[in-house]
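Asker: Numbering-wise, this note's numbering puts 525 at position 525 of the sequence shown, and it's gapless, one number per residue.
Honestly, I wouldn't trust all of these hints.
[To be verified] Lysine-lysine pairs mimicking DSSO-like chemistry, simulated, CA-CA at most 27 Å apart: (1) K270 x K314; (2) K469 x K485; (3) K559 x K604; (4) K475 x K604; (5) K348 x K275; (6) K455 x K559; (7) K267 x K348; (8) K498 x K485; (9) K498 x K559; (10) K308 x K271; (11) K267 x K314; (12) K485 x K604; (13) K498 x K475; (14) K498 x K604; (15) K475 x K485; (16) K559 x K475.
[As the list claims (entries may be wrong)] Beta-carbon label-pair distances, calculated as ranges: (17) D306 x D173: 28 to 34 Å; (18) Q266 x K485: 38 to 44 Å; (19) I180 x Q454: 53 to 59 Å; (20) K485 x V179: 44 to 50 Å; (21) R589 x Q288: 16 to 22 Å.
Source of the hints: derived by calculation from the structure; they are not laboratory data. Backbone N, C-alpha and C fix where the C-beta goes; we use that ideal spot for every residue, glycine too.
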Amino acid sequence: MRLISPLPRTSQRADPTPMASNSALRLPPPCPHLAAYRSGGGGSGLRSLHRCLRRRPPLGRPEVRRDPGEVPRCGACQGGGARLYACLACAAVSCSRHASDHAATRPGHEIGVDVDRAELFCAACRDQVYDPDFDAAVVIALTAPAASWAPQTRTGSRAKRPRRVEYRRWAPDADERAVIGRRSGPLFAREGNAYSCSTTATVNSTANAATTSCATSSAPLPWGLRGLNNLGNTCFMNSVLQALLHTPLLRNYFLSDRHNPLVCQQKTRKKAAAKERNNGRDGTGVLQICLACDLDAMYSAVFSGDRKPYSPAKFLYSWWRYASNLANYQQHDAHEFFICMLDGIHEKEQDPCKPSSHVSSGECCIAHRVFSGTLRSDVTCTICGFTSTTYDPCVDISLDLDSKQNSTKTNGPKHHMNGGVTKSISTSQQRSGTSTLMECLDRFTRPEKLGADQKLFCQQCQVRQESLKQMSIRKIPLVTCFHIKRFEHSSMRKTLRKVDQYLDFPFSLNLAPYLSSSILRARYGNRVLASEDYDSDSDASVELVSNLELFAVVTHSGKLEAGHYLTYLRLNGQWYRCDDAWITHVNERMVRSSQAYMLFYVQKILYYKASESLVSP
1 MRLISPLPRT SQRADPTPMA SNSALRLPPP CPHLAAYRSG GGGSGLRSLH
51 RCLRRRPPLG RPEVRRDPGE VPRCGACQGG GARLYACLAC AAVSCSRHAS
101 DHAATRPGHE IGVDVDRAEL FCAACRDQVY DPDFDAAVVI ALTAPAASWA
151 PQTRTGSRAK RPRRVEYRRW APDADERAVI GRRSGPLFAR EGNAYSCSTT
201 ATVNSTANAA TTSCATSSAP LPWGLRGLNN LGNTCFMNSV LQALLHTPLL
251 RNYFLSDRHN PLVCQQKTRK KAAAKERNNG RDGTGVLQIC LACDLDAMYS
301 AVFSGDRKPY SPAKFLYSWW RYASNLANYQ QHDAHEFFIC MLDGIHEKEQ
351 DPCKPSSHVS SGECCIAHRV FSGTLRSDVT CTICGFTSTT YDPCVDISLD
401 LDSKQNSTKT NGPKHHMNGG VTKSISTSQQ RSGTSTLMEC LDRFTRPEKL
451 GADQKLFCQQ CQVRQESLKQ MSIRKIPLVT CFHIKRFEHS SMRKTLRKVD
501 QYLDFPFSLN LAPYLSSSIL RARYGNRVLA SEDYDSDSDA SVELVSNLEL
551 FAVVTHSGKL EAGHYLTYLR LNGQWYRCDD AWITHVNERM VRSSQAYMLF
601 YVQKILYYKA SESLVSP
């Protein structure tokens with residue numbers, strides 16, 4: 001082990017200023033042993049530990065540098081467990097059990113570093129600790145050129161450079177297309193084979209009626225069903241990633257090598273080098289950020305057949321670099337992460353050769369081709385009837401829950417029919433806080449009278465007049481994401497609260513009543529209008545794209561200050577609960593009883609139905 005031992009303790013250094021946080025968020029107390037270590041002068045050498053770290057190929061995970069063929073073992077029991085820690089004071093390597101004994105017998109030896117993960121660990125507190133200087137050392141080690149830490153082969157010998165092979169995208173011929181057409185279907189893992197689900201959670205006795213283990217399920221396990229490790233309040237990221245990893249169109253795009261990281265990095269380096277040459281600097285060694293490349297690597301890892309939980313650390317690090325204002329271990333909003341991630345993919349994937357019309361229509365990148373839709377806003381003057389129409393692109397539709405709980409509706413039960421299923425909601429349920437997705441869509445497309453303080457300029461009256469505003473959906477995206485507004489912010493009281501209202505959502509949804517063509521037809525009747533939204537869409541085409549199928553639900557449970565995100569996935573007709581690293585098979589009743597926060601629907605014509613007879617070879 002090439003670990004600096006012991007570290008110099010020549011200068012006194014105070015504890016770093018804690019990260020500013022909201023008053024409602026309670027951060028855990030800092031580790032006293034790390035503070036004592038830093039006050040003793042050890043903190044001055046944490047940044048210099050980058051010489052002892054290296055980037056482990058091929059995934060680039062940081063680890064402690066070692067000689068080729070060296071296997072680290074515990075100095076007390078000579079065991080090579082899953083976690084080994086090297087003491088920063090004496091460089092002694094200990095397992096998790098003997099690290100505590102080592103710290104107890106030797107004061108000042110509590111802080112160590114994980115040999116395989118390059119993370120600080122306090123043996124006395126038995127928990128990971130964070131230090132900004134050590135984090136900077138890890139970043140320096142990750143961004144350093146590979147030649148600085150690669151082992152030397154021979155003195156004076158010249159390493160043979162690998163032969164370059166030109167990348168060529170695979171295109172199937174006629175025979176291969178015929179085979180693909182005959183054998184198209186999803187990939188499964190055989191029941192009881194080496195790819196059996198190892199990430200299933202132990203079902204509690206109180207949930208035996210609602211959940212069953214993946215290993216005991218009679219249905220074959222879907223391919224690509226893999227848990228994601230929580231890296232420290234990253235359940236918001238894991239829940240959205242699970243939904244995106246199993247979005248049919250995104251999955252087909254990345255698994256078919258439509259985004260090749262090698263070609264992407266070559267293009268990025270050429271653009272960066274040309275830009276830096278114009279500025280008089282050399283930018284060939286700059287590490288470029290590409291969320292699409294990290295997502296492509298995640299698709300390859302998740303669909304590799306390995307059932308062990310996957311740690312998206314590289315993707316988290318890239319996202320932190322892209323959104324530096326969110327680079328912390330606090331709990332963030334899953335919807336905010338979803339929008340930020342699509343923006344990052346859009347900035348990298350957009351084609352600069354396409355005109356601006358393609359950007360507004362959602363044809364510029366894979367993120368917009370899948371999630372981009374168009375909303376129509378009609379503002380009608382209440383005096384002269386003049387209507388002003390605007391079109392806005394969107395990647396999701398945010399819906400408000402009824403905060404009044406429909407307390408004024410006491411004329412009997414209310415019926416909703418969508419997806420071929422009629423559901424009755426009684427008055428008592430309405431009063432107790434029950435709403436439906438169709439009610440939210442009704443409120444979204446309902447005409448709204450703007451107040452006197454929101455008067456808009458009428459082009460026909462040439463003055464500001466009171467008006468009516470009505471929203472509608474002009475273009476349905478291939479994958480529709482509904483964002484349920486469960487977090488309300490009061491500007492008057494300056495408070496933020498969560499709406500714990502139950503939402504009833506259908507598995508099959510028909511958006512035809514909320515399209516612009518349907519709303520215009522209901523508004524103007526059979527009159528002929530010069531509107532492309534009214535006469536361009538035939539009934540057959542509208543019915544074809546307006547029928548949607550639910551495939552993912554992101555939920556939020558708990559309070560606003562201490563909540564938890566998880567995802568329900570619909571794969572091969574079965575529902576699975578993805579709670580970070582734990583995957584559990586559940587029934588429909590558990591999915592319907594959850595507090596939905598984000599709903600992902602795909603057009604029914606694109607919905608991938610499972611083939612029961614096809615299994616992986």
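Asker: Taken at face value, is the distance from the CA of K485 to the CA of K469 at most 27 Å?
Answerer: With Cα atoms ~20 Å apart, K469 and K485 stay inside 27 Å; holds.
Asker: Please work out if K559 and K475 have their alpha carbons no farther apart than 27 Å.
Answerer: Not satisfied, since the Cα-Cα distance of roughly 36 Å exceeds 27 Å.
Asker: Is it true that the CA of K498 sits at most 27 Å from the CA of K485?
Answerer: holds, 9 Å
Asker: Evaluate the given range 16 to 22 Å for the C-beta pair formed by R589 and Q288.
Answerer: violated, 47 Å
Asker: Between the alpha carbons of K267 and K314, is the straight-line distance 27 Å or under?
Answerer: OK: K267 and K314 at ~21 Å, within 27 Å.
Asker: Need the status of pair K498, K604: alpha-carbon distance at most 27 Å?
Answerer: violated, 32 Å
Asker: Would the pair K455 and K559 pass a check requiring their Cα atoms to be no farther apart than 27 Å?
Answerer: With Cα atoms ~38 Å apart, K455 and K559 exceed 27 Å; violated.
Asker: For the pair supplied as a hint, K348 and K275, is the alpha-carbon distance within the 27 Å limit?
Answerer: Answer holds: K348 to K275 is near 16 Å, not above 27 Å.
Asker: Please check whether I180 and Q454 have a Cβ separation lying inside 53 to 59 Å.
Answerer: Because 56 Å falls inside the window, the suggested range holds.
Asker: May I ask you to test the hint 38 to 44 Å on the CB atoms belonging to Q266 and K485?
Answerer: holds, 43 Å
Asker: Given the hinted pair K270 and K314, is their alpha-carbon gap at most 27 Å?
Answerer: holds, 23 Å
Asker: Would the pair K498 and K559 pass a check requiring their Cα atoms to be no farther apart than 27 Å?
Answerer: holds, 7 Å
Of the numbered hints given earlier, the model fails hints 3, 6, 10, 13, 14, 16 and 21; all others are met.
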